[in-house]
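Starting from the known structure of chain A, arrange chain B on it as the hints suggest.
2 protein chains.
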Amino acid sequence: MRISVSRETLYAAVQNVMKAVSSTCTIPILSGIKLTAHSNGLTLIASHMHMMIRHDIPLTDTEGIIAIHSTGCIVVPAKTFSDILRKFPSDQVKLDIAEHLVLTIRADSSVYRLCGMDPSDFPDMPEARADLLFNIPSPLLYRVIKQVAFAVSSSENRPVLTGVSCRLDAQGRLRFLAADGVRLAVRTIDLDISPVPVIHPIIIPGSNLLELAKLLRDEQGTTEIAFGESWAVFKTGHTMVYSALIDGTYPNVEHLIPISHTTELLVHSDAMIQAIERVMLLTDESQLLRFHAAGHHIKLTARTAQVGDVIEELNLANRTGADIELAFNGKHMRDILRSADSERTTLKFTGKLNPIVIEPSADPQSTYILTPIRT
Amino acid sequence: MRISVSRETLYAAVQNVMKAVSSTCTIPILSGIKLTAHSNGLTLIASHMHMMIRHDIPLTDTEGIIAIHSTGCIVVPAKTFSDILRKFPSDQVKLDIAEHLVLTIRADSSVYRLCGMDPSDFPDMPEARADLLFNIPSPLLYRVIKQVAFAVSSSENRPVLTGVSCRLDAQGRLRFLAADGVRLAVRTIDLDISPVPVIHPIIIPGSNLLELAKLLRDEQGTTEIAFGESWAVFKTGHTMVYSALIDGTYPNVEHLIPISHTTELLVHSDAMIQAIERVMLLTDESQLLRFHAAGHHIKLTARTAQVGDVIEELNLANRTGADIELAFNGKHMRDILRSADSERTTLKFTGKLNPIVIEPSADPQSTYILTPIRT
Chain A
5 MRISVSRETL YAAVQNVMKA VSSTCTIPIL SGIKLTAHSN GLTLIASHMH MMIRHDIPLT
65 DTEGIIAIHS TGCIVVPAKT FSDILRKFPS DQVKLDIAEH LVLTIRADSS VYRLCGMDPS
125 DFPDMPEARA DLLFNIPSPL LYRVIKQVAF AVSSSENRPV LTGVSCRLDA QGRLRFLAAD
185 GVRLAVRTID LDISPVPVIH PIIIPGSNLL ELAKLLRDEQ GTTEIAFGES WAVFKTGHTM
245 VYSALIDGTY PNVEHLIPIS HTTELLVHSD AMIQAIERVM LLTDESQLLR FHAAGHHIKL
305 TARTAQVGDV IEELNLANRT GADIELAFNG KHMRDILRSA DSERTTLKFT GKLNPIVIEP
365 SADPQSTYIL TPIRT
Chain B
5 MRISVSRETL YAAVQNVMKA VSSTCTIPIL SGIKLTAHSN GLTLIASHMH MMIRHDIPLT
65 DTEGIIAIHS TGCIVVPAKT FSDILRKFPS DQVKLDIAEH LVLTIRADSS VYRLCGMDPS
125 DFPDMPEARA DLLFNIPSPL LYRVIKQVAF AVSSSENRPV LTGVSCRLDA QGRLRFLAAD
185 GVRLAVRTID LDISPVPVIH PIIIPGSNLL ELAKLLRDEQ GTTEIAFGES WAVFKTGHTM
245 VYSALIDGTY PNVEHLIPIS HTTELLVHSD AMIQAIERVM LLTDESQLLR FHAAGHHIKL
305 TARTAQVGDV IEELNLANRT GADIELAFNG KHMRDILRSA DSERTTLKFT GKLNPIVIEP
365 SADPQSTYIL TPIRT
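Top to bottom, those sequences are chains A and B. When we follow the working numbering, the leftmost residue of the first sequence carries the number 5, and every step to the right adds one. When we follow the working numbering, the leftmost residue of the second sequence carries the number 5, and every step to the right adds one.
In isolation and in its complexed conformation, chain A is listed as follows (with noise of 0.2 Å):
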């Protein structure tokens, strides 16, 4: 392998495929990143366990980026790999397996020979017989994960949770859930696709889609995914993410999302938003806020012993039903109104003890439960 190759673009490459490289993972081959060079470009592949980035940097639609002497293939440490990337001395950089499994970077002033590991040891990549496959916008994708993927549960005591469910329905609708046993998020998408296939719904780990979601944070274009048997695809510009998914059946949650309520508020997110965060300072670690709506007003109020107390007083834009008094984890109510992302939001109440039920005015597509906190 002889190759040399733009800085920024391999730099670039590293950072995407790193994603995949867990600083945790005691098997030394996956704190690599496999080089292929070969005849249409080069190739970066980095893998954990339950993730796979491929990242390519072809020859076509890259002119003078790239070019590739010879063909060949290493894995090299992935941190030391772009620690010397993101300090190299020079725009352009030459890469060189001279000896067996060591690789050479070079510069005018500078020469790096890197120890390599052998490429025969890294894991392949998964087949990807896809049983659905469908294209969204890629701002639409992101906007999707953080809506939802928040939500997942953090704690491993029931795996499934940790993940997103995915179901299609007949009406070719897309619903992306997660749920911990306090607070649930869905969204729905419409795929335009017919005829509608019949797929088994999936359940796609919140971490790896919370890593994509930083991939797509800037792209404009349109991601390509594929559902599989036990893999999902994402394919957005030349990255490519493999999740693998969790096994299991995803529990029937949403008769969980009350369809009557007795209070209704419309809320300004932004200020609601602060004047939690506010309150917060004051709450211990149960971060439980009290909530109180009467006339045209919120009031959040919290108290930590021996450190003190707090109260503030929000205007409402809108409310119908009765006056509402109850108490929930402020850090919970904080995060869904952030994900929500909207200007206002609609919350609706059916006592002090039925779940909350929480729309954002500019997504009618997504809605959020909070369970409140018995006082």
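Every clue listed holds true.
Copies of the same chain look alike in the list, so a pair counts if it works inside one copy or between any two.
Taking lysine-lysine and the DSS-like style, the derived pairs with C-alpha atoms no more than 27 Å apart in a straight line are:
| hint | residue 1 | residue 2 |
| --- | --- | --- |
| 1 | Lys83 | Lys303 |
| 2 | Lys356 | Lys335 |
| 3 | Lys218 | Lys23 |
| 4 | Lys91 | Lys303 |
| 5 | Lys83 | Lys335 |
| 6 | Lys303 | Lys98 |
| 7 | Lys91 | Lys335 |
| 8 | Lys150 | Lys91 |
| 9 | Lys98 | Lys23 |
Since the hints were derived computationally from the structure, they do not count as laboratory data. Just so it is clear, the structure is predicted and the values come from calculations on it, not from any experiment.
Showing chain B alone in chain A's frame:
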């Protein structure tokens, strides 16, 4: 106590004094800030065992910034008070001691009540009898601290070495010196005082000087300095910093600076700093870096078993004397070149094992030495 004060001014004052609040201190009262509203304004004081910072918000010079309706005194928890002010919803803060040891912090829509502590438990200000009083421009003091204080020892084995030694000679030259056994930094400034008083050398904790430097970063004015028997006091703007001194006698180390040399190199400091940082990506914990000057080039090399090695070549700006080959701690050399903050730096050598003398071209009054590593 009942006062009204600009949020921005109060928050900045709290940030200033909080540099003296230790997060690890086990004495509850020292986790607080003492607020005193008096007829001339508001005084904030914070303290840990070896440092005290006082900041005044005076009634004069600050029209409309502060109004004192009634005087009083309370100690409030620093972190919570600072967090509340950071997120405060109004430009104007109303502070009020309504009940015993409870501070009310009020905006139009928010009321915080913070449990305070008894101000009579707060330590008194140290006595400020001064043996030496002088002024220096704050930007110069900032530079002197940055050039010297980084070199103090981080080990408590010899407490005097954790401080910066300050000594005034008969010509009115004040010398700041720090050393940790491997490296030494010294900087002299000329004080414009006459007659020159005879004072004992003092030792100021390096960590206190580094906190002071944070306060001085953007100061353009003058700092008034007083050295006493057990305290050094620095006054800049409305802030006073009291630093306890370290007991003991600073070892005589200046004779360690070699006065002759066999090789003298002039390097471009920035290029050398960057080359060192690149080479250090492949050093192990010893941070050992090999240095070889021959002709008009420097070669920097490093190697870590099982990871790889690197060679960097640098051009010299000038050179006299013999070729030289030795090894040193790369991080130490990088820190020295950074603190020196000079476009070009002279390196003087007298053999493989003798201290390297480092002289920034921009500041003839500062000198560093670094002891090579025996290999």
